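Engineer: Chains as they are written, first to last, in the working numbering: chain A, 1 to 149; chain B, 1001 to 1234.
One thing to keep in mind: the hints can contain errors.
Unchecked claim - Which residues of chain B face chain A? A partial, calculated answer using Cβ under 8 Å:
#: 1; residue: Leu1013
#: 2; residue: Ala1014
#: 3; residue: Ala1018
#: 4; residue: Val1025
#: 5; residue: His1170
#: 6; residue: Gln1176
#: 7; residue: Arg1180
Claimed, not checked - Ranges between beta-carbon positions, derived for each pair:
#: 8; chain 1: A; residue 1: Leu19; chain 2: B; residue 2: Met1001; range: 34 to 40 Å
#: 9; chain 1: A; residue 1: Ile29; chain 2: B; residue 2: Glu1052; range: 44 to 50 Å
#: 10; chain 1: A; residue 1: Tyr104; chain 2: B; residue 2: Arg1180; range: 20 to 26 Å
#: 11; chain 1: B; residue 1: Pro1070; chain 2: A; residue 2: Tyr104; range: 23 to 29 Å
#: 12; chain 1: A; residue 1: Ala18; chain 2: B; residue 2: Ala1017; range: 22 to 28 Å
#: 13; chain 1: A; residue 1: Phe65; chain 2: B; residue 2: Arg1180; range: 24 to 30 Å
#: 14; chain 1: B; residue 1: Gln1181; chain 2: A; residue 2: Thr5; range: 51 to 57 Å
#: 15; chain 1: B; residue 1: Gln1181; chain 2: A; residue 2: Asp142; range: 39 to 45 Å
Stated by the list, open to error - List of simulated lysine to any residue pairs, SDA-like, C-alpha gap at most 20 Å:
#: 16; chain 1: B; residue 1: Lys1174; chain 2: A; residue 2: Phe108
#: 17; chain 1: B; residue 1: Lys1174; chain 2: A; residue 2: Leu40
#: 18; chain 1: B; residue 1: Lys1174; chain 2: A; residue 2: Glu111
#: 19; chain 1: B; residue 1: Lys1174; chain 2: A; residue 2: Asn81
#: 20; chain 1: B; residue 1: Lys1174; chain 2: A; residue 2: Ala32
#: 21; chain 1: B; residue 1: Lys1174; chain 2: A; residue 2: Thr113
#: 22; chain 1: B; residue 1: Lys1174; chain 2: A; residue 2: Ala41
I should point out that these hints are in silico values taken from the structure, not numbers from a laboratory.
Computed from a predicted model, the values in this text were never measured in an experiment.
Beta carbons: idealized from backbone N, C-alpha and C, even for Gly.
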Amino acid sequence: MSSITEGSLQRTIAFLAALGIGVAAYIAIAAANGDAPVCLAGSNGCETVARSSWSHVAGVNIAVFGIVAYTLLLATAFFTNDLARFGGFVLALGGFGYSVFLTYVELFKIEATCQWCLASALLMTILFALCAARLIAFAGSDAAIPERA
Amino acid sequence: MSAAERRSRLLRLAAGAAFLALVAVLVLIVVSATGNGDGGDTELEGVPEVKELLTGIPQHGMLLGDPQAPVELIEFGDLQCPICAGYSKEILPPIMETRVRDGEVKLAFRNLTILGAESVVAGAAALAAGAQGHGWSFVEIFYRNQAEEESGYAADEAFLKAIARAAGVHNLTKWQADRRQMTQKVEETTEEAHGLGFSGTPSFAIQGPQTNEVQPLGSPGSTDSLESAIDAAG
Chain A
1 MSSITEGSLQ RTIAFLAALG IGVAAYIAIA AANGDAPVCL AGSNGCETVA
51 RSSWSHVAGV NIAVFGIVAY TLLLATAFFT NDLARFGGFV LALGGFGYSV
101 FLTYVELFKI EATCQWCLAS ALLMTILFAL CAARLIAFAG SDAAIPERA
Chain B
1001 MSAAERRSRL LRLAAGAAFL ALVAVLVLIV VSATGNGDGG DTELEGVPEV
1051 KELLTGIPQH GMLLGDPQAP VELIEFGDLQ CPICAGYSKE ILPPIMETRV
1101 RDGEVKLAFR NLTILGAESV VAGAAALAAG AQGHGWSFVE IFYRNQAEEE
1151 SGYAADEAFL KAIARAAGVH NLTKWQADRR QMTQKVEETT EEAHGLGFSG
1201 TPSFAIQGPQ TNEVQPLGSP GSTDSLESAI DAAG
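Bound conformation, chain A alone:
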């Protein structure tokens, strides 16, 4: 991984995480106002998905969990150590896995798709790939921890 620096990966992760916060915040704010996100091209998929019983977990809109996950991912982009690399990987892995599940639910259970949810799933997929690449390429590149006597 000589041509890509960890710094460039961190900047890309930060940018995509910030975009993710925006997408998730839009969905959460629309839900809090009693509305649904506006789908493009007149589709009513966003409304259908937002009103489905899948849109909340324990009474909390899942977009709120998205905001938390993207914010933590953004935070990991500001640190250059193994904790940030591994933490970012685990967060993105969880987000990616949950996005896969939610996309399955949209397609096969609700039978409607929300473009904003798909956008978030795409962002999380790219973030997972970037965080995995960062971990594989740069794990252990910190100064070695001295062995205890």
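Following the hints, complete the assembly by docking chain B onto the known chain A.
Structural biologist: The following block gives chain B in isolation, referenced to the frame of chain A:
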């Protein structure tokens, strides 16, 4: 611990986490596939009763009965309204079983939403079911499955889809697509009801050969009162 050892350990941990995530996603999908959420696992009450009541009576849009029937009895209702449910279960069935079934009266359902935003969502879903000829079945089944007003149930996708399925809506994709266009109609009939002086539900109006125009009845309170109004209008 050397950097190489730490790297190796982190990558092993990452591989383990990835494996666990894969298993978790698969488990979630399997569990959701067996436990629906699309309405298939929503238990509904009164479906056989409604089918028995309405079988053999034609439905067109939100009209129950022969469209050529001389008298039209119009119910302005709110799907979340428990009094409307009472009318649906106690007062209207004798009229459906005789006058409507015989082609003397046609019953129309129009939304008069007074209880909140969920009534608009549910009302639009009923109209979309009506577009496929199952509007009254939707309304009747909905009334028999009411829960606490504005508690979330009336706009819940799984609940509405279960009602639509039970009502006989076959093309759920079209039903979903039609719902958005129906919201405006819900608002229009609510305005129409206000124009007739109605503010509570259910309110009834009637039109027939003996009435010059739509005649407001209010809430007659009994089958006999409605029968008298039908006789006067016909």
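Engineer: Against the 20 Å threshold, does the CA-CA distance of Lys1174 of chain B and Glu111 of chain A hold or violate the hint?
Structural biologist: 11 Å, holds
Engineer: Keeping to a limit of 20 Å between CA atoms, is the pair of Lys1174 of chain B and Leu40 of chain A held or broken?
Structural biologist: 18 Å, holds
Engineer: Can the restraint linking Lys1174 of chain B and Phe108 of chain A be considered satisfied, given a maximum Cα separation of 20 Å?
Structural biologist: 16 Å, holds
Engineer: For a C-alpha distance cap of 20 Å, please report whether Lys1174 of chain B and Ala41 of chain A respect it.
Structural biologist: 17 Å, holds
Engineer: The hint names Leu1013 of chain B as touching chain A; please verify it with the least Cβ-Cβ distance against 8 Å.
Structural biologist: 7 Å, holds
Engineer: Given the hint of 44 to 50 Å, check if Ile29 of chain A and Glu1052 of chain B actually sit that far apart at their C-beta atoms.
Structural biologist: For Glu1052 of chain B against Ile29 of chain A, whose Cβ atoms are near 47 Å apart, the range 44 to 50 Å holds.
Engineer: In this structure, is the beta-carbon distance linking Gln1181 of chain B and Asp142 of chain A contained in 39 to 45 Å?
Structural biologist: 59 Å, violated
Engineer: Min Cβ distance, His1170 of chain B to chain A: is it shorter than 8 Å?
Structural biologist: 14 Å, violated
Engineer: Given a hint of 24 to 30 Å, does the C-beta separation of Phe65 of chain A and Arg1180 of chain B actually sit inside it?
Structural biologist: The hint (24 to 30 Å, Cβ to Cβ) holds, given that Phe65 of chain A and Arg1180 of chain B are roughly 27 Å apart.
Engineer: With 8 Å as the cut and Cβ atoms as the points, is Val1025 of chain B at the interface with chain A?
Structural biologist: 5 Å, holds
Engineer: Per the CB criterion, is Ala1014 of chain B less than 8 Å away from chain A?
Structural biologist: 6 Å, holds
Engineer: Verify the proposed pairing of Lys1174 of chain B with Ala32 of chain A, using a straight-line Cα cut of 20 Å.
Structural biologist: This hinted pair is violated, its Cα atoms lying about 28 Å apart.
Violated hints for the displayed structure, listed by number in ascending order: 5, 11, 15, 19, 20.
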